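Line order of the protein sequences matches chains L and U. Anchor point for the first sequence: position 102 equals 179 in my numbering, and the numbering is continuous, going up by one each time. Anchor point for the second sequence: position 231 equals 308 in my numbering, and the numbering is continuous, going up by one each time.
Hints were generated in silico from the structure; no laboratory data involved. One should not assume that every hint holds.
Pairs involving identical chains hold if they fit within one copy or between any two copies, as the list cannot separate such chains.
Straight-line alpha carbon distances no greater than 20 Å define the calculated SDA-like cross-link-like pairs of lysine to any residue that follow [as the list claims (entries may be wrong)]: (1) K213 x P107; (2) K331 x R377; (3) K83 x L405; (4) K441 x R396; (5) K432 x R396; (6) K154 x A378; (7) K346 x F307; (8) K196 x S352; (9) K331 x P372.
The model shown is predicted, which means the values in this text are computed figures rather than measured ones.
Number of protein chains: 2
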Amino acid sequence: MADTGKSLQLRSLVKSSGELELSLVEVPIPEPGPDEVLVRIEATPINPSDLGLLLGPADLSTVQVAGTAASPVVTAKLPPRAMPMLAARLDESMPVGNEGAGTVVKAGASAEAQALLGKTVAILGGAMYAQHRCVKAADCLVLPEGATAADGASCFVNPLTALSMVETMRLEGHTALVHTAAASNLGQMLNKICLKDGVGLVNIVRNAAQAKILRDIGARHIVDSSAPSFLDDLTAALVETGATLAFDAIGGGKLASQILACMEVAANKTATSYSRYGSSTHKQVYIYGSLDTGPTELFRAYGMAWGLGGWLLTPFLARLGPEGVQRLRARVAAELKTTFASHYTAEISLAEALKPEVMAAYNKRATGEKYLINPSK
Amino acid sequence: MADTGKSLQLRSLVKSSGELELSLVEVPIPEPGPDEVLVRIEATPINPSDLGLLLGPADLSTVQVAGTAASPVVTAKLPPRAMPMLAARLDESMPVGNEGAGTVVKAGASAEAQALLGKTVAILGGAMYAQHRCVKAADCLVLPEGATAADGASCFVNPLTALSMVETMRLEGHTALVHTAAASNLGQMLNKICLKDGVGLVNIVRNAAQAKILRDIGARHIVDSSAPSFLDDLTAALVETGATLAFDAIGGGKLASQILACMEVAANKTATSYSRYGSSTHKQVYIYGSLDTGPTELFRAYGMAWGLGGWLLTPFLARLGPEGVQRLRARVAAELKTTFASHYTAEISLAEALKPEVMAAYNKRATGEKYLINPSK
Numbered sequence: 078m079a080d081t082g083k084s085l086q087l088r089s090l091v092k093s094s095g096e097l098e099l100s101l102v103e104v105p106i107p108e109p110g111p112d113e114v115l116v117r118i119e120a121t122p123i124n125p126s127d128l129g130l131l132l133g134p135a136d137l138s139t140v141q142v143a144g145t146a147a148s149p150v151v152t153a154k155l156p157p158r159a160m161p162m163l164a165a166r167l168d169e170s171m172p173v174g175n176e177g178a179g180t181v182v183k184a185g186a187s188a189e190a191q192a193l194l195g196k197t198v199a200i201l202g203g204a205m206y207a208q209h210r211c212v213k214a215a216d217c218l219v220l221p222e223g224a225t226a227a228d229g230a231s232c233f234v235n236p237l238t239a240l241s242m243v244e245t246m247r248l249e250g251h252t253a254l255v256h257t258a259a260a261s262n263l264g265q266m267l268n269k270i271c272l273k274d275g276v277g278l279v280n281i282v283r284n285a286a287q288a289k290i291l292r293d294i295g296a297r298h299i300v301d302s303s304a305p306s307f308l309d310d311l312t313a314a315l316v317e318t319g320a321t322l323a324f325d326a327i328g329g330g331k332l333a334s335q336i337l338a339c340m341e342v343a344a345n346k347t348a349t350s351y352s353r354y355g356s357s358t359h360k361q362v363y364i365y366g367s368l369d370t371g372p373t374e375l376f377r378a379y380g381m382a383w384g385l386g387g388w389l390l391t392p393f394l395a396r397l398g399p400e401g402v403q404r405l406r407a408r409v410a411a412e413l414k415t416t417f418a419s420h421y422t423a424e425i426s427l428a429e430a431l432k433p434e435v436m437a438a439y440n441k442r443a444t445g446e447k448y449l450i451n452p453s454k
Numbered sequence: 078m079a080d081t082g083k084s085l086q087l088r089s090l091v092k093s094s095g096e097l098e099l100s101l102v103e104v105p106i107p108e109p110g111p112d113e114v115l116v117r118i119e120a121t122p123i124n125p126s127d128l129g130l131l132l133g134p135a136d137l138s139t140v141q142v143a144g145t146a147a148s149p150v151v152t153a154k155l156p157p158r159a160m161p162m163l164a165a166r167l168d169e170s171m172p173v174g175n176e177g178a179g180t181v182v183k184a185g186a187s188a189e190a191q192a193l194l195g196k197t198v199a200i201l202g203g204a205m206y207a208q209h210r211c212v213k214a215a216d217c218l219v220l221p222e223g224a225t226a227a228d229g230a231s232c233f234v235n236p237l238t239a240l241s242m243v244e245t246m247r248l249e250g251h252t253a254l255v256h257t258a259a260a261s262n263l264g265q266m267l268n269k270i271c272l273k274d275g276v277g278l279v280n281i282v283r284n285a286a287q288a289k290i291l292r293d294i295g296a297r298h299i300v301d302s303s304a305p306s307f308l309d310d311l312t313a314a315l316v317e318t319g320a321t322l323a324f325d326a327i328g329g330g331k332l333a334s335q336i337l338a339c340m341e342v343a344a345n346k347t348a349t350s351y352s353r354y355g356s357s358t359h360k361q362v363y364i365y366g367s368l369d370t371g372p373t374e375l376f377r378a379y380g381m382a383w384g385l386g387g388w389l390l391t392p393f394l395a396r397l398g399p400e401g402v403q404r405l406r407a408r409v410a411a412e413l414k415t416t417f418a419s420h421y422t423a424e425i426s427l428a429e430a431l432k433p434e435v436m437a438a439y440n441k442r443a444t445g446e447k448y449l450i451n452p453s454k
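Take the sequences, apply the hints, and build the full model.
And the structure:
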């Protein structure tokens, strides 16, 4: 990458005509202010949480490619029913990418910024699908000696999410957890945390291969939703762990309801008298992902003491407060190559991220598959 | 009713054979202890919250009547899939009826109990579908001068529920409310409270007749879910009131999801920038009834700041604490014949409550229809 004073940035644009347009645009390399640094981005993951902004609800079967190989322009149709929800981003070309890591190649005059020159750092805050990103020196997490940008690329979203699930459990008075799509990178981290902290964790997976991934890292409670005995297996694991809180990455379908129903059966196994309103134990499922974007179906056979809702990292961190967040960040840095290690299916360039076959692959959101963009490739 | 020393009590029994059995049994008239009184029950409503215990999920198309006219025994089949949920009440003959009112006909030795002799009182606590009920004197709410047992029969469940909805709104940081099946007795009370207290209330009804009931009592925001413009009407009312909390008596179907979606559209009307996770305003729907026992379908197009859950009066009152509850009870007594007046479709005897055609009528749970049992009839 020659220093041309220009830098490539991936953009996502929802046009009022009903089309999504993805492109690589040349932007000027920003000049860091006194307390800022310029990071050359060398690794930035495609998280499920990035796909909403990147692709929105676009129909990838309608993809068209124009432009050049180095500077492709990809378009796809958006379903008309989705347009009202996209009103606030219409015709605004938006940069993408929540987190990433790379080398500090330029620094502002402050001592804090200068101290970072040449260091490998992880950063959070959007617009990471780009060759350069200018950020406050204070927002950089310096990676431990020997850690590469790829090691640190996923240092915020998944690690802080996994840690925050356990924090939510404690804050809301539960003592064990359920997690769905549990063989994901995030799910593996959550297992490592729970094993280390002695927290009961029921892992729900969708097939035997995913169960094996978790068995291999020592997960204790694994139930396979494709097994005929799924509901019995889940109930048994809930009785054993006492879990009354679940984090669900799937969202659509019957799973959230099945979890609540099995929690109710588990709670009633210890009940001594009949309550017409069901068990008084509060049962909670938080939907934090949408691997299945279809409707959530609730068969309300779990009394009245239940809740379902959306869960999002950023508002939770605000609730936890700055000291709590600092505590979590310090743990991530300390356990970067163990508890919080990420694994990637493939490393791709910015231009490759706009190839239709690659888009189809990462948009599958297959459990355990994760793509890493290297914008400097 | 001659003083035979015996008293009739309605019982509901779920048999492990898969049948519901309703009957009238003769029980000894209880003798009040020193701080207790014996109340002759003269009015006790059939609330939706009673039907769960009374009929459970029984299939009323299978009703069989045996016994005598004065002492009928009614049986109906229970769907096999419902049996696991009924495990805790199997083969236990249970009295029914949350609340009622009547005359104190006998009192214990304490001054507090003696002071109630001959008074008309309202009471709460189960087993009210009976000719007599013995309760602590302290638990009696003495009805104001001129109020009959029928006036006071529904003094707890609906009034405290309606007041608690407004209290929940305040406790959880919302400023206005949505209510479904809004033309019900409860809904009418809620309108009177909100009008008096200056709280915005969006009433969702299912037809024009129900809309008229509410218009006639001065309701400000009425939207008809059977109108083609329902979603637009609802959104407009949400923008006008700023309501971000709904209490839903229906439970099944798409309504809860539609409310959340319209709240999101209303919140985004004032948004100035795009958030990929939807509006950050927390949107909450509490399901407190099950007029539609079918599945709840959620089309999650309202970002991540949303919640859905069960809501039940008793745990909420526990959360509110004794002083709060006392404040609500005092208001109910003061406004018994105005804000908290109930209207009944028919007054029936205990035996009539077990007639198949009457059971079918009250089990319809039709909005605005409510049955009053007079066990002394």
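Tested hints:
no.: 1; hint: K213 x P107; in the structure: within (13 Å within a copy, 77 Å between copies)
no.: 2; hint: K331 x R377; in the structure: both (11 Å within a copy, 14 Å between copies)
no.: 3; hint: K83 x L405; in the structure: neither (36 Å within a copy, 68 Å between copies)
no.: 4; hint: K441 x R396; in the structure: neither (32 Å within a copy, 45 Å between copies)
no.: 5; hint: K432 x R396; in the structure: neither (39 Å within a copy, 55 Å between copies)
no.: 6; hint: K154 x A378; in the structure: between (40 Å within a copy, 19 Å between copies)
no.: 7; hint: K346 x F307; in the structure: within (18 Å within a copy, 43 Å between copies)
no.: 8; hint: K196 x S352; in the structure: neither (61 Å within a copy, 32 Å between copies)
no.: 9; hint: K331 x P372; in the structure: both (9 Å within a copy, 10 Å between copies)
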